[in-house]
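J.: Letter by letter, the chains look like this.
2 protein chains.
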Amino acid sequence: MAIIVKKFGGSSVASIDLIKSIAHRIAVSYREGDSLVLVVSAMAKTTDELFRLAFEISDHPSRRELDMLLTAGERISMSLLSLALHNEGFSSISFTGSQSGIMTDSMHGNARIVDVNAFRIREELAKGKIVIVAGFQGVSPSKEITTLGRGGSDTSAVALASYLKADLCEIYTDVDGVYTADPRLVPTARLIPSLDYGQMLALAYSGSKVLHPRAVEFAYKYKIPVEVKSSFTFAPGTILHSDYNTTTDRYMEDKTITALAHKDGLIRYLLSADEALLWALKGWNNEIFRYSFENDSIELLIETKYESEIDHLISSKALSLKEKSSGWACISLVGLGINLDPCILAETLEIMKGIDLLRVGHSEKTIDLMLKSQDLKVALLRLHEHYLVSSADKGGKS
Amino acid sequence: MAIIVKKFGGSSVASIDLIKSIAHRIAVSYREGDSLVLVVSAMAKTTDELFRLAFEISDHPSRRELDMLLTAGERISMSLLSLALHNEGFSSISFTGSQSGIMTDSMHGNARIVDVNAFRIREELAKGKIVIVAGFQGVSPSKEITTLGRGGSDTSAVALASYLKADLCEIYTDVDGVYTADPRLVPTARLIPSLDYGQMLALAYSGSKVLHPRAVEFAYKYKIPVEVKSSFTFAPGTILHSDYNTTTDRYMEDKTITALAHKDGLIRYLLSADEALLWALKGWNNEIFRYSFENDSIELLIETKYESEIDHLISSKALSLKEKSSGWACISLVGLGINLDPCILAETLEIMKGIDLLRVGHSEKTIDLMLKSQDLKVALLRLHEHYLVSSADKGGKS
Numbered sequence: 520m521a522i523i524v525k526k527f528g529g530s531s532v533a534s535i536d537l538i539k540s541i542a543h544r545i546a547v548s549y550r551e552g553d554s555l556v557l558v559v560s561a562m563a564k565t566t567d568e569l570f571r572l573a574f575e576i577s578d579h580p581s582r583r584e585l586d587m588l589l590t591a592g593e594r595i596s597m598s599l600l601s602l603a604l605h606n607e608g609f610s611s612i613s614f615t616g617s618q619s620g621i622m623t624d625s626m627h628g629n630a631r632i633v634d635v636n637a638f639r640i641r642e643e644l645a646k647g648k649i650v651i652v653a654g655f656q657g658v659s660p661s662k663e664i665t666t667l668g669r670g671g672s673d674t675s676a677v678a679l680a681s682y683l684k685a686d687l688c689e690i691y692t693d694v695d696g697v698y699t700a701d702p703r704l705v706p707t708a709r710l711i712p713s714l715d716y717g718q719m720l721a722l723a724y725s726g727s728k729v730l731h732p733r734a735v736e737f738a739y740k741y742k743i744p745v746e747v748k749s750s751f752t753f754a755p756g757t758i759l760h761s762d763y764n765t766t767t768d769r770y771m772e773d774k775t776i777t778a779l780a781h782k783d784g785l786i787r788y789l790l791s792a793d794e795a796l797l798w799a800l801k802g803w804n805n806e807i808f809r810y811s812f813e814n815d816s817i818e819l820l821i822e823t824k825y826e827s828e829i830d831h832l833i834s835s836k837a838l839s840l841k842e843k844s845s846g847w848a849c850i851s852l853v854g855l856g857i858n859l860d861p862c863i864l865a866e867t868l869e870i871m872k873g874i875d876l877l878r879v880g881h882s883e884k885t886i887d888l889m890l891k892s893q894d895l896k897v898a899l900l901r902l903h904e905h906y907l908v909s910s911a912d913k914g915g916k917s
Numbered sequence: 520m521a522i523i524v525k526k527f528g529g530s531s532v533a534s535i536d537l538i539k540s541i542a543h544r545i546a547v548s549y550r551e552g553d554s555l556v557l558v559v560s561a562m563a564k565t566t567d568e569l570f571r572l573a574f575e576i577s578d579h580p581s582r583r584e585l586d587m588l589l590t591a592g593e594r595i596s597m598s599l600l601s602l603a604l605h606n607e608g609f610s611s612i613s614f615t616g617s618q619s620g621i622m623t624d625s626m627h628g629n630a631r632i633v634d635v636n637a638f639r640i641r642e643e644l645a646k647g648k649i650v651i652v653a654g655f656q657g658v659s660p661s662k663e664i665t666t667l668g669r670g671g672s673d674t675s676a677v678a679l680a681s682y683l684k685a686d687l688c689e690i691y692t693d694v695d696g697v698y699t700a701d702p703r704l705v706p707t708a709r710l711i712p713s714l715d716y717g718q719m720l721a722l723a724y725s726g727s728k729v730l731h732p733r734a735v736e737f738a739y740k741y742k743i744p745v746e747v748k749s750s751f752t753f754a755p756g757t758i759l760h761s762d763y764n765t766t767t768d769r770y771m772e773d774k775t776i777t778a779l780a781h782k783d784g785l786i787r788y789l790l791s792a793d794e795a796l797l798w799a800l801k802g803w804n805n806e807i808f809r810y811s812f813e814n815d816s817i818e819l820l821i822e823t824k825y826e827s828e829i830d831h832l833i834s835s836k837a838l839s840l841k842e843k844s845s846g847w848a849c850i851s852l853v854g855l856g857i858n859l860d861p862c863i864l865a866e867t868l869e870i871m872k873g874i875d876l877l878r879v880g881h882s883e884k885t886i887d888l889m890l891k892s893q894d895l896k897v898a899l900l901r902l903h904e905h906y907l908v909s910s911a912d913k914g915g916k917s
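Protein chains in written order, with my numbering: chain V, 520 to 917; chain A, 520 to 917.
One or more hints might be untrue.
[What the hints assert, rightly or not] Derived EDC-like pairs (lysine to aspartate or glutamate); straight-line CA-CA distance at most 16 Å:
{"id": "1", "chain 1": "V", "residue 1": "Lys-801", "chain 2": "A", "residue 2": "Glu-869"}
{"id": "2", "chain 1": "V", "residue 1": "Lys-728", "chain 2": "V", "residue 2": "Asp-815"}
{"id": "3", "chain 1": "V", "residue 1": "Lys-774", "chain 2": "A", "residue 2": "Asp-634"}
{"id": "4", "chain 1": "A", "residue 1": "Lys-891", "chain 2": "V", "residue 2": "Glu-813"}
{"id": "5", "chain 1": "A", "residue 1": "Lys-891", "chain 2": "A", "residue 2": "Asp-875"}
{"id": "6", "chain 1": "A", "residue 1": "Lys-872", "chain 2": "V", "residue 2": "Asp-815"}
{"id": "7", "chain 1": "A", "residue 1": "Lys-774", "chain 2": "V", "residue 2": "Asp-815"}
{"id": "8", "chain 1": "A", "residue 1": "Lys-801", "chain 2": "V", "residue 2": "Glu-869"}
{"id": "9", "chain 1": "A", "residue 1": "Lys-742", "chain 2": "V", "residue 2": "Glu-813"}
{"id": "10", "chain 1": "A", "residue 1": "Lys-872", "chain 2": "V", "residue 2": "Glu-794"}
Just so you know, these hints were derived from the structure itself, not from any lab.
Kindly generate the complete structure, drawing on both the sequences and the hints.
T.: In structure tokens form, the structure reads like this:
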């Protein structure tokens, strides 16, 4: 008898057919006696559509009312999924974030989880029901409805798994799991079956979109076993836990590159160092990809989708912009102990020959390369071929 | 019946009195049935003295002979400790790295552990003996004696603990454990009783000298519980494991600064980007504190003690030096999720007001500040007071 939390993102519940299909897959895979909690996002595009409606009414909608509006999105998907489960013969019940006991602070639009008090979920599980929970939402100390911001639904799922001491928290998504590189750009990329929280965190911070760093941090802190897997196939994906997987090391003190992460479509802003900027960026948690200050300049690397917001911020605060350029990408090699080994650095630069690198740096578990977007694919292919395709794999193809 | 590996560094076995005192403390704390393996470094200054002797004979001593010579250092300390244990009534036996089955690659002076095959240790433990092992040394595939380079003895201990599936690997040293900041500079610094490998790794890479990053990586990979503690008091120190300590978080998604690490006495070299430099730095594992490339320049941050070696390297390879300056220090704030939160960054810069910062950057678990050595102490004091002295502590003093 296991307790399992399953989270389905917006693309997994995007249509009635998909919702029915999830209910059916759950019926097929259900094992008698298991306790299931299903955390759902709003149907894909619903949140954007609700946003659009709000901004048609007001240029500056109240954050409180906006949260009230947006949380209707999960209310729709969760009740539909509950209905679909009834059709499959299950007894199920849906709860809002508030009913589930997801207690947050008062920061509307970007609330942090303060505590979980999910006694109602526990009671319903005890009655043998499948419980469906609205991800991405919670309730503040003054009983207001809040939303959790980016990475919110994954974080809801991990937080509930922590409260329930779940055996597993499954994050269903539109990819099969964590790969050695993005398989859309690197055809030889392999699924990583098992990964420690620390390396997953480095990957998430370096651009891997499979799981938000915030959810990884939560899992790391509370030691929640998480599996990232496909909502289309339900096939085994990538399991995250605290164990470093030593099977890919050739010897004990080997320094292995576990995977490549990248972020494309970055805009680089170079501004005069000004505290007004920093205060203006409050609330931009995790939306800034990289920042650095050197002498009197601040450099920000930000995704294209935030361009207009940043431009607005710069002009409204009268900040002095020194340079702005787009078309940047970053690649991070992730592995334990690789960062300060000059051999790996020398090798990496050798592989990158002919590709313009604006910058090479490192962090605790990464070597970081900044390059032009146009060179991203060839750089990823070369690095993956060198570090992540074993000689056996290469031989096998000839 | 526990299996415990205890490692004593050079300063802990620096004199006959200290060796006798360790033997006595072991006698007092010994619990019937426990299996003890003691890993020792050479007596403090012995290695330096042996180095000096070698260089009196030759400017370029063979690395093989040098390793043969240096490994005499642990041979002395381990046999003396064994004799001291005989005096305490124990049956004990000392082993070299080779006899202990520490298998390494062939990189003399900086060998990596490839495997451990410590069957002789296991046999002697089964006979009820205390086994003493020479740290820092191993044997290559061609049966040559190798030394492990920086962090070697700690790594020997952790590697043996892994082979023996030890219940605990105790690293005895001249400090009590890991502190919230260096207690010599920050009087209010507190001992951290429990710390996860990931944050310890960030601290070690950022300058905490308590444990070498290499040993932390080994412990992380093989999940070895490690305790860092004082060889003078044997009092409880800091236990490292895979569990994040949530007790210092005020709420679930809190972003807590766990500790400050720093590195002082850094020299900054700015060189024209040149691959010759990189290849010349091969073998400099972990001796470069930070590196980065930007456009056509390479920046290296290196401790003062390597200054003459780097200067020699630059002149012998005819590398073009653009700038060299000394008197630099770095401070890292370490914590989960602090790196991309503009509030913490804004707060940190506010605290640093009036202190010149050359640079502010971040890595996955850190915010990194580069400043002049002369400002280090006041910066540490301010940051520690703000982030690591709780308001209760502050109130308690008034």
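J.: Between Lys-801 (chain A) and Glu-869 (chain V), does the CA-CA distance stay at or below 16 Å?
T.: At roughly 14 Å apart (the allowed maximum being 16 Å), Glu-869 (chain V) and Lys-801 (chain A) satisfy the hint.
J.: Lys-742 (chain A) and Glu-813 (chain V) were given as a pair; does the straight-line alpha-carbon distance stay at or below 16 Å?
T.: violated (38 Å)
J.: Next pair to validate is Lys-774 (chain A) with Asp-815 (chain V); report whether the Cα-Cα distance is within 16 Å.
T.: violated (28 Å)
J.: What's the verdict on Lys-872 (chain A) and Asp-815 (chain V), does the C-alpha distance respect the 16 Å limit or exceed it?
T.: holds (14 Å)
J.: Holds or violated: are the alpha carbons of Lys-891 (chain A) and Glu-813 (chain V) at most 16 Å from each other?
T.: Holds: Lys-891 (chain A) and Glu-813 (chain V) sit about 14 Å apart, inside 16 Å.
J.: Next pair to validate is Lys-774 (chain V) with Asp-634 (chain A); report whether the Cα-Cα distance is within 16 Å.
T.: Between Lys-774 (chain V) and Asp-634 (chain A) the Cα gap is close to 14 Å, so the pair holds against 16 Å.
J.: Would you check the hint for Lys-801 (chain V) and Glu-869 (chain A), treating anything up to 16 Å between C-alpha atoms as holding?
T.: holds (14 Å)
J.: CA of Lys-891 (chain A) to CA of Asp-875 (chain A), is that 16 Å or under?
T.: holds (7 Å)
J.: Holds or violated: Lys-728 (chain V) and Asp-815 (chain V), Cα atoms, limit 16 Å.
T.: Not satisfied, since the Cα-Cα distance of roughly 33 Å exceeds 16 Å.
J.: If you draw a straight line from the CA of Lys-872 (chain A) to the CA of Glu-794 (chain V), is it 16 Å or shorter?
T.: Given pair Lys-872 (chain A), Glu-794 (chain V) holds - Cα atoms ~11 Å apart, limit 16 Å.
Checked against the numbered hints above, the structure breaks hints 2, 7 and 9 and satisfies the rest.
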